[in-house]
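S.K.: Sequence:
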Amino acid sequence: MIQKPKGTKDILPEESYKWQYIEKKIQELFKNYGYKEIRVPVFENTELFQRGVGDTTDVVQKEMYTFDDKGGRSITLRPEGTAGIVRAYIENGMASMPSPVKMFYNMAMYRYENVQKGRLREFHQIGAEVFGTSSYMADVESITMANEIFNILNIPNIELTINSIGCPTCRAEYQKALKTFLQKNIDKYCYTCQTRFDKNPMRILDCKEEKCKELNQGAPIILDYLCEECKTHFENVKKLLTELGIEYKVDPRIVRGLDYYTKTVFEFISKDEGYTVLGGGRYDGLVKELDGQETPALGFALGMERIVEIYEKYNKENMIKPEVPKLYIAEIGEKANNLATILVKKLREKGLNVQKDITEKSIKAQFKYADKIKAEYVLTIGEDEINNNKAKLKNMETGEETEVELTVEDICGHINE
RNA sequence: GUGGAUGUAGCUCAGUUGGUUAGAGCGCUAGUUUGUGGCACUAGAGGCCGUGGGUUCGAGUCCCAUCUUCCACCCCA
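Read in this note's numbering, the first sequence has 257 at position 257, and its numbers run on one by one without any break.
Some hints could be false.
Stated by the list, open to error - No more than 30 Å apart at the CA atoms, straight line, and that leaves these computed lysine-lysine pairs for BS3-like:
#	residue 1	residue 2
1	K313	K335
2	K238	K208
3	K62	K211
4	K345	K24
5	K24	K372
6	K199	K184
Hints listed in this document are in silico derivations from the structure and should not be mistaken for laboratory results.
Quantities reported herein were computed from a predicted structural model and do not represent experimental measurements.
Put together the whole structure using the sequences plus the hints.
M.R.: And the structure:
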């Protein structure tokens, strides 16, 4: 037997309707905020991610699905959505569209990493990006919209944490100060922290090892190193969030693993599952980095698998139901079958979910099947019914039977009551 | 990349100190007298016991390797 590749998942019929529901709710919300969907290729030229996401990040260094195509081009399956969308923004001259440009996406992502809870090699993200505004108002609107997702899906125990990692200028300043601080005791830190020192020193502040935590006491924090502009920006974001009644926690340790972030970064963390379900931030330098005009922008992405998992946990009682057939037409004999086939077709043209047997089952088996697929009504047609042009319509829940004429109108009238 | 657990029908799991043709429940299919679901009963289909080696007269059971799944680290959504 050929099995699916490691880290992939089939979304089966008994599961997919929940995905559709969640996707629909989120997309409706996005629409109200003025976002329009964009779809970009599953694969891009490798260079896009190397430059966009950052050469030194784990995502690029060890998690990309990269291969040469038959023409010798280096191709990579997208590990995240933003780079491709920024590429599309530049390539399609979207800078000439009225600002801000708001776009959302719902796409599969690919990361070669070891699977564990909430973590797959192929996974799905819904995200939203805004281009052409450097205002703190955009940050707040974006966070507000993200926050709203959890409200409309009835998902509690989500904690919003925000931070500002400044612009390249203040960040460089800070990293210098941080490294100076860490340098003194770097040999006393755990092995992982020592390896983080060059690559991502800010991560050290988030280490869970007790000894590292102690050593971190008194370490400089980024917020103290923000330049005037970044500082004001962050203050404004916090002020407006408070104004809106959106609860947040400032966590100076949030770093984000992708190089392109600047200023505001944020994460929505599930306290139950212990993972981040939604993360994002501003990336004012990315469009320019990818050879576009200097364009401030920001966005976020949420993990669908993670959202679905939590959604199910909290919506067991009022879980949305999969759609069931309105009517099943059971039939006996060739003539009845022909009539049933025509009726089913006509009723479906009316937009109804109507089923009939296509396996040549006995009448009894047809009823059993109708019951299993939870059809609301069953209409039985045989020789007599055709002659009288009347048939019994059974309500499968109450068992009640009524006589209806064998016309689309009369059937519709009864099943739609 | 590192560490721990795991793998027997579609699903949940039994399977005795290695010993004949590998089991149950649920699900699936069909039937229980000829045109009516849920309940009950009967029957049937469905397993190279994850894969490949090895030990043995004999392996689902023991050993090695490998893969998968799950969890943790790293990192991330």
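S.K.: With reference to the structure, classify each hint as holding or not holding.
M.R.: Hints and how they fare:
1. K313 <-> K335: violated, 49 Å
2. K238 <-> K208: Judged against 30 Å, a Cα distance of about 27 Å means the pair holds.
3. K62 <-> K211: Cα-Cα ~28 Å, so holds.
4. K345 <-> K24: Roughly 28 Å separates the two Cα atoms, so the pair holds.
5. K24 <-> K372: Between K24 and K372 the Cα gap is close to 27 Å, so the pair holds against 30 Å.
6. K199 <-> K184: Distance of about 17 Å is within 30 Å: holds.
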